[in-house]
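Reconstruct the complex from the two isolated chains, following the hints.
Chains as they are written, first to last, in the numbering used here: chain A, 1 to 384; chain B, 1 to 127.
Under the rule of at most 30 Å between Cα atoms (straight-line distance), these lysine-lysine pairs were calculated in the DSSO-like manner:
no., chain 1, residue 1, chain 2, residue 2
1, A, LYS183, A, LYS167
2, B, LYS14, A, LYS183
3, A, LYS173, A, LYS183
4, A, LYS183, B, LYS15
5, A, LYS84, A, LYS49
6, B, LYS69, B, LYS109
7, A, LYS172, B, LYS14
8, B, LYS78, A, LYS319
9, B, LYS78, A, LYS286
Source of the hints: derived by calculation from the structure; they are not laboratory data.
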Amino acid sequence: MSNSEYLEIPIGPQHPALHEPLLFRVKVEGERIVQITPSTGYNHRGIEKLCENNTFLKDVFLAGRVCGICNVVHTTCYSEGVEKVGNIEVPSRAKYLRTLLNELERIHSHMLALAVLGELIGFHTLFMLMMRDRELVLALKEMVAGNRVQADYVMPGGVRRDLTPEKLDRVKKSLDRIEERMKYYAKIFEKDSIVNSRLRRVGVLEKAEVSTYGFVGPIARGSGVKTDVRYEDPYAAYGEIPFSVITRDEGDSWARTMVRVGETFEAINMVRYVADHLPEGPFGPKTMIRKVQAGEAISRVEAQRGQLIYYIVSKGGDKPYRLKIRTPSFNNILSSGVLFKDANIADLPAILASLDPCISCMERMLIIEKDGHVESKSVYDLVR
Amino acid sequence: MLELITETLRNLFKKSATYKFPLEDRPASPDYRGKQVVDIQKCIGCRLCAFDCPAYAIEMVPNPSGKPKEYPVVDFGKCVFCYQCVRVCPVNAYVTSGTYRLAAFDKEKLINDVLKTSVSDSSEEGG
Chain A
1 MSNSEYLEIP
11 IGPQHPALHE
21 PLLFRVKVEG
31 ERIVQITPST
41 GYNHRGIEKL
51 CENNTFLKDV
61 FLAGRVCGIC
71 NVVHTTCYSE
81 GVEKVGNIEV
91 PSRAKYLRTL
101 LNELERIHSH
111 MLALAVLGEL
121 IGFHTLFMLM
131 MRDRELVLAL
141 KEMVAGNRVQ
151 ADYVMPGGVR
161 RDLTPEKLDR
171 VKKSLDRIEE
181 RMKYYAKIFE
191 KDSIVNSRLR
201 RVGVLEKAEV
211 STYGFVGPIA
221 RGSGVKTDVR
231 YEDPYAAYGE
241 IPFSVITRDE
251 GDSWARTMVR
261 VGETFEAINM
271 VRYVADHLPE
281 GPFGPKTMIR
291 KVQAGEAISR
301 VEAQRGQLIY
311 YIVSKGGDKP
321 YRLKIRTPSF
331 NNILSSGVLF
341 KDANIADLPA
351 ILASLDPCIS
361 CMERMLIIEK
371 DGHVESKSVY
381 DLVR
Chain B
1 MLELITETLR
11 NLFKKSATYK
21 FPLEDRPASP
31 DYRGKQVVDI
41 QKCIGCRLCA
51 FDCPAYAIEM
61 VPNPSGKPKE
71 YPVVDFGKCV
81 FCYQCVRVCP
91 VNAYVTSGTY
101 RLAAFDKEKL
111 INDVLKTSVS
121 DSSEEGG
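The shape of chain B in the complex, shown without the other chains (with noise of 0.2 Å):
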């Protein structure tokens, strides 16, 4: 009983455990599997990815500027953030990140078309 008391006084010296969420970020471990963007650029519309997602969260579709033909939308409702996308490209195009906040109020922001919305954008919303 006295090591558990002796354990509770000394915690009140020491710096919190928890973090004050919504005003202080976590930070994301270098290592942490987070948002993953494509980068159209590096694309080449193999499909790939969204044949071996195995949440079904990539849809192909077409590119109106044609190269590649058609590139990858990831809707992050449905994603499960394996990164078996990012592992099958065969040319690296995932950009990934270690962004976790990705709430959003509305169903079409989980929607993530790197033609419409810029990455930049993407990561501040939400919350």
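Bound-form chain A, shown alone (with noise of 0.2 Å):
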């Protein structure tokens, strides 16, 4: 059967199993998926130039809108990585606090990635179960920094607000409950047939095909490697707290998701770790960091999606002369095809909600021009 044989089913671009504009062009044999490509594009909003017109200070708040539900690890990794061209001191207790943020939106995340998995698997109570118990996680995010998602909290420096002894009090008896809860659900993912028959075996990732396709973060630790940048490449408090890095053998959509329920609970005890353990001291510079000095640097930090990567390239002066984003669900949905492959079609919002896209961090245009021609490439020029 030749190519063209084949029928092809366009799945989105309006809300395919995610509420997110992502098009999936699957051609299918019955019921089998022969081949599928993810096509982006329907996000693109040009942040990374938008950057290089607007001061080092602004370009905070731009980063963290690169994505609703990872801002705080955009606006972590864009400031180490200001802080890396510019030489400038963290206080400890900012680093801390960096860190208690992180995770705390890394439970959250987390927490949001497994409901709409439950969701998608046709199991929609425990989607509102777990999106209750999310809001505890988002009330302590909202007393830490002001906002329940739109954080605004790290800058150049250090971060911008302080926390009082009360309110790591509140964190701590917050997360007690949360915990009991995160065991209750962890449970229900173990052992719930549901659960257990619609994810089992689905979309199995070879830990050999892990490097081949550079899948990151969960996913590849899904499929047993032991990756993660806080780990090698300890940045913010990570060096000074244990935590360990959680791993799984089986490689399929349920490995991912027991991956993910199991960094839950680490982050859980990170933050506890971090309440117990702040150091006193300042938490921000003392003057604001308008102006860095020339240089170029490389940030990674280890979002909840897999690795961040900031290049930041500074020719001194208020502006970034370049500043370059590379975000994990870059790699892991344009690179997803190999999962998809030979699955049966009702299993690709199992599949699709284990990798846990994040579609606005994926957009991304690639305009050459070379002796006057013009020449735009495919997205695909860029994966490796």
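Printed below as a string of structure tokens:
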């Protein structure tokens, strides 16, 4: 059968299972998926270019708006990059507070991913219950940073708010409740027959394929690859906080889910450790950092979805010369064709949700101008 | 499976997890970044907030009374509530609040000119 004889079904771009714009061109033979091509570009906003036109101080807020659910990791990565370029010292209290908010964000992001996965496999009760309990984490984020989702908490040189001992007590008290609820959900994900029959042996990714395609984050860890920036290249206060990297060997959708469940518990313990060991001292720079000396730096952090990289070039002055963002979802989703191959078409939402894609992180455009000849490249030329 | 059924049954006797929003307000946390209004008595017209606003939502307009010479007018249609203006203000002229019901039928109503609208007026409208 030649390639053109397969039936091609478009899934998306309006809400392909998840509530974000992404188009999947799916070639099927009966119920079996033969080939799948994700197509992005519905959400492109030109943030990298916009960052070049704004000052270093304003770019903190732009970086946080690349993606709503990972705004703290984006601002952390940006701020660490600016600090590397400008040789700026960060007080240790600020480093701990950054870690605290990063881990709070990891808890609520993983809870959302797990809840949406529940919804997509037809388990609406689980979705409702998890979203209700996620409010506890969002309330903590609101208390620490000032907003439930859009924190705007990290800035070059430190953080923007301090934490009082009373608030730390409330964090610890709330974490006990969150942990209790997460233990309940962990049991459901491990034992429930619906979850197991929909996720086990679905969308299997072999360990060897992880490095071939360059998968990162919980997807790589779900296939038994121990990779985590917090562990390999500690930033913020991660070098001083004990934690373990969760890995699973199965490589299927269920393994990726269980990696997220395990990471949520690790994150809860890390927040507890920070709350107990928060050092005294200043939490931010004395004056706002407006100008950064000339230089360039790469900063990388572990976002909830994998390794996030910022590349910042400064030529001196108050604006960056170039700012390049490499997000984890970009790698994970554009290379995900290998996971969907030979799967049943009804399993597509389950596999997609187990990848936890962040569509607004994935938008790219590449235009190359050479000798007056303008050439635009496909996103697939950027994938490894 | 049994555990889920007991959980569901238990929820029948619990307080509702949601708010009946337009009828019942969700209380904002005291740390929430809501609507911020400039106190013109304190403002010195230094332009720092307008200079630093990442959303370009603050415009300095001349003050008819002359003191301060200029004062900031915040366009809440553009504001991203990052509170950079509150942070950079050298005289702490911004009064912060937890007001989050800012919707209006008219775009003009989102522009908060402190000389034209009093604080209580602007927080009542919308919803």
